[in-house]
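Please build the complex by placing chain L on the supplied structure of chain E, with the hints as guidance.
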Amino acid sequence: MRRVAVVATGQTEHARSRDDLSQPELVRQAAGRALSDAGLEPDAVDAVVISNMELFEGRALPELWVGEGAFASGKPCLKVATGGTSGTSACIAGFHQVASGLFDVVLVVGFEKHSEGHTQTGMALTDPFWDRAVASGALGNFALSISQYMAERGVTEEHAARVAVKARRNAARNPHAHLRMPDITVEEVLASRILAHPVRMLDMCPQSDGACAIVVAGEDRAAGLCERPAWVKAAVTRHEQPYIGDIDRRLASMRTLREAARRAYELADIREPLGDFDVAEIYEPVSYSELAWYEALGFCEDGEAGRLIEAGRTEMEGDLPVNPSGGVLSTNPVGASGVIRVAEAALQVMGRGGERQVPGVETALATGYGVYAWADVVVLGSA
Amino acid sequence: MRPANALDRRPVVVAGVGETGPRPEDPRSIPEMVLEAVTEALADARLGYGDIDAVVTASVDLFDGLTASNIAVTEVVGAVMRPETRIAGDGLAAALHAACQIWAGAYDTVLVAAHGKASMSCYQDLTRWALDPILVQPLGLDFLACSGLQASAMAVADPGAERRWAETAAVRRAACATDAASPCTAEAVLESAVAAAPIREGMCAPMADGATAVVLRTVAPAGKGEDVRLAGVGCDLDRHALGDRDLCAWRGLERAAERAYAGAGVADPEDAFDLAEPSCRCAHEEELFLAATGVGAGTLVSPSGGLFAGDVPVAAGLSRLVAAVRHMRGDAGCRRALAHGAWGPAGQAHVVAVLDRGTA
Numbered sequence: 001m002r003r004v005a006v007v008a009t010g011q012t013e014h015a016r017s018r019d020d021l022s023q024p025e026l027v028r029q030a031a032g033r034a035l036s037d038a039g040l041e042p043d044a045v046d047a048v049v050i051s052n053m054e055l056f057e058g059r060a061l062p063e064l065w066v067g068e069g070a071f072a073s074g075k076p077c078l079k080v081a082t083g084g085t086s087g088t089s090a091c092i093a094g095f096h097q098v099a100s101g102l103f104d105v106v107l108v109v110g111f112e113k114h115s116e117g118h119t120q121t122g123m124a125l126t127d128p129f130w131d132r133a134v135a136s137g138a139l140g141n142f143a144l145s146i147s148q149y150m151a152e153r154g155v156t157e158e159h160a161a162r163v164a165v166k167a168r169r170n171a172a173r174n175p176h177a178h179l180r181m182p183d184i185t186v187e188e189v190l191a192s193r194i195l196a197h198p199v200r201m202l203d204m205c206p207q208s209d210g211a212c213a214i215v216v217a218g219e220d221r222a223a224g225l226c227e228r229p230a231w232v233k234a235a236v237t238r239h240e241q242p243y244i245g246d247i248d249r250r251l252a253s254m255r256t257l258r259e260a261a262r263r264a265y266e267l268a269d270i271r272e273p274l275g276d277f278d279v280a281e282i283y284e285p286v287s288y289s290e291l292a293w294y295e296a297l298g299f300c301e302d303g304e305a306g307r308l309i310e311a312g313r314t315e316m317e318g319d320l321p322v323n324p325s326g327g328v329l330s331t332n333p334v335g336a337s338g339v340i341r342v343a344e345a346a347l348q349v350m351g352r353g354g355e356r357q358v359p360g361v362e363t364a365l366a367t368g369y370g371v372y373a374w375a376d377v378v379v380l381g382s383a
Numbered sequence: 001m002r003p004a005n006a007l008d009r010r011p012v013v014v015a016g017v018g019e020t021g022p023r024p025e026d027p028r029s030i031p032e033m034v035l036e037a038v039t040e041a042l043a044d045a046r047l048g049y050g051d052i053d054a055v056v057t058a059s060v061d062l063f064d065g066l067t068a069s070n071i072a073v074t075e076v077v078g079a080v081m082r083p084e085t086r087i088a089g090d091g092l093a094a095a096l097h098a099a100c101q102i103w104a105g106a107y108d109t110v111l112v113a114a115h116g117k118a119s120m121s122c123y124q125d126l127t128r129w130a131l132d133p134i135l136v137q138p139l140g141l142d143f144l145a146c147s148g149l150q151a152s153a154m155a156v157a158d159p160g161a162e163r164r165w166a167e168t169a170a171v172r173r174a175a176c177a178t179d180a181a182s183p184c185t186a187e188a189v190l191e192s193a194v195a196a197a198p199i200r201e202g203m204c205a206p207m208a209d210g211a212t213a214v215v216l217r218t219v220a221p222a223g224k225g226e227d228v229r230l231a232g233v234g235c236d237l238d239r240h241a242l243g244d245r246d247l248c249a250w251r252g253l254e255r256a257a258e259r260a261y262a263g264a265g266v267a268d269p270e271d272a273f274d275l276a277e278p279s280c281r282c283a284h285e286e287e288l289f290l291a292a293t294g295v296g297a298g299t300l301v302s303p304s305g306g307l308f309a310g311d312v313p314v315a316a317g318l319s320r321l322v323a324a325v326r327h328m329r330g331d332a333g334c335r336r337a338l339a340h341g342a343w344g345p346a347g348q349a350h351v352v353a354v355l356d357r358g359t360a
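Chains E and L supply the protein sequences, listed in that same order.
Following our numbering, the numbering of the first sequence begins with 1 at its first residue and continues without gaps.
Following our numbering, the numbering of the second sequence begins with 1 at its first residue and continues without gaps.
This is chain L alone, in the form it adopts within the complex:
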């Protein structure tokens, strides 16, 4: 693969970000939610709909109960009479594709929007339809059960694992500014109901509703001085069957991160990042994330609680990008960040974005 080296490519600036914020149950329709996120992102970028060359949306039909569910948002993302590409996967993967379009020279300004509404259905029931319908779906597994099998494999020779994960969950819950994740102690996490053994409910990020939007451009908004740039991107699809993977490692994330690092010129990830915003839906995944990305102890991880503030299906990865950008804007010392998205059973698919501070 040819790395997209930030040095010899035109810049992709994260010019605007917006989101509804995760909510346990947003009473609005999907287009109303997406409109709020898009309006905020465009205002943040100091742009109007007329400035957008193309749109990349992310949504999943079965989760929305709609065929070609981007139909629901065509107007609010400004895609009428414009090019729209719809990625049926994590929103950060949509951002990766938008960056490709800009690097290709096809467009200068691309709007990326993702949404999910977990409250409309039983999300875990729907994930069964993403599993091999011949060999796995009949067993009644869902994504959470697959995570449970993964955590089991990790805990087999590691008696301290469950306590560690409970502590991680308690830290993340305490950092959340939203009501979705009630703060509690590690003891309370260990005493919460079993979700998918050995995962306890307290170790799981709460599902939520939300919409997230990002404007990517070749140039920064005027007068903003320093900007945040997408310096490297990478993604990966691992094998589907749990038995075909080493469940105790996220090899797919290793590969996705390697690709993103090659593009951004990250030589040693241990010292490279001031901030990491992973998409970890269960506490044990944070250990898989750190091992796979090589992010070191000096990196701030999920300072606002990560997905424990609310895990919005499909929008989660893009929300991590927004969280990283907002943090970088508020903290001049934060020079480089990593945002991560994941989907599929036990982390089958991963996407990584490396964000650098740049100057116009």
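Okay, chain E solo, but in the shape it has when bound:
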């Protein structure tokens, strides 16, 4: 396979409402920043991949309207939409398009403008026979599987609150993040109101407006476009049963993420994830999911996630800083969130993470999570 790398990134400042920019303008800002980052003119882009969950804005085929914002006019342009994994899957689509030799430079842009739609309505548009009457979007489904997970693995509300605090404090160092709360405390999280037991307001991700773009290039172009490209070492996707009732103990088992990680680690020669990765940007829509993903990703044994966060091992100063950007808990424009994971992991490898940079990053992990249990795993490296 032809080697490919992420050579540039660009994102908007994310917020609950970006009334100052239309959807194509949001896309344009992120795409323009990514091209400037690579020193490329729009003409140098061979193809564009767009990621967005169109029902959140009540739209169809959004690439038709926003494509020009992504410099896609007159170019091949495909839109990827797989729920929360849309962004990571769009990045992987871009990797494959460049690796195929069909294109040398591909721009991947993810966006969502939740403020122009109704996210809960969009999420409730599930199977009309079996799911629609009971499915309550992300929150209710998470509440059920979190209760199972806590009972089985001994995770507490305090453990989850520590994750929520870490995310918002990290976000305070990220100028693009939506929820930036440098002084947030565990007590504050535990005092926030219950949304669906045991999930509290501050355990949950926000709805954000925003866009994020990356530039993907083949091996013969990457070095000329970026001083220190983030090379794609592995990119793996696994999808799962469509009905949540068919997925046994979802957060505890999460076989998609486990299997995707196993395969990705094999491809990228990762043996001890906690030590081999220098940084991770994982897709955690709720605080508890980060703990479950620690176990699924092999950062610790099953049942040890609570102790991992207690010991501060995933804090900025820990063995494996997880989500220096603040993660999905701090910023969640759904169609962009997966692209943000890959872009932030790439920035860390490039050594351009600013105040949120982890020193000496050689190998970085990015993940996507979508629908009930779909998973993407991407490993980036400096060589």
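Read the hints as simulated data drawn from the structure, not as lab findings.
Ideal Cβ positions, reconstructed from N, Cα and C, are used throughout, including at glycine.
If a hint is listed, it holds; no wrong ones were tucked in.
Partial pick of chain L residues on the chain E-facing surface, computed with a CB cut under 7 angstroms:
{"no.": "1", "residue": "E84"}
{"no.": "2", "residue": "C100"}
{"no.": "3", "residue": "A106"}
{"no.": "4", "residue": "R239"}
Positioned in the frame of chain E, the structure of chain L alone reads:
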């Protein structure tokens, strides 16, 4: 752009095809329809679900009334615990991406599946939500109205246009084996109700329900001798606003075709193709298609009526690929074919596949 030259790339063989066939109203659920198409495609390729490395699906949430509407087909396309990429656009674009995955070396066998169910809703009403919501959607335009504006622009200095389009529609309707398009004369087409002036209802392909599946592989099924290969692919997104485009030409299709030709080594399209299977939803589009692709008079066009047999949203382009493959299998003299998909207002987005006959 670097052309994907068929000569120095591993082959992408169309190993299996299957479809429900377009039906005015399929009473089954979407997964039931897709299951039929996938089962047929896998049987045709002499493969089982276990042989599939990855899946690329095509569907559009608003048309299905489902968020992440590929959830509905995850099981029947065999994507549980497998990599699935979902392209929200025409099914032929999904096939293009699947070919990329194979050329990348990521997978050897990829299943492509697309579905659409026009009978569940008023399709044209839904297309309004694909138009610029600030400047265009408030005007009440839909894709059909945009096609009407395009046909108007073409007819302005061409008094014979409407009669020609009626004749084209009559020919396509007569060639259809399905009940969806009732055969009729050009006169009857000209007398049918106005759909979007100057387009008459008789000039429009009827909307339909259907599912289509294709198996792409690096190798042909054993014992099949000659096979059909995806030799070149290309796609393009034109500008959105009708006023920003020359409505009398499909420039986007010109670019998509150029890319596909470069990959397949097609030097002169006029003599290159034995068959063309365009996605033309209105009769006037066939003239735009021929001009943009440069396909010559010696090329057989839509021998089974094209989309007049039933225009299935999203699956249409992939159904053209299947029609071309089936024709090539049945006609040894057909060496090279072109399949085409299109979506968006007045043909904003296009995808082209060049199919060649190959030998294992």
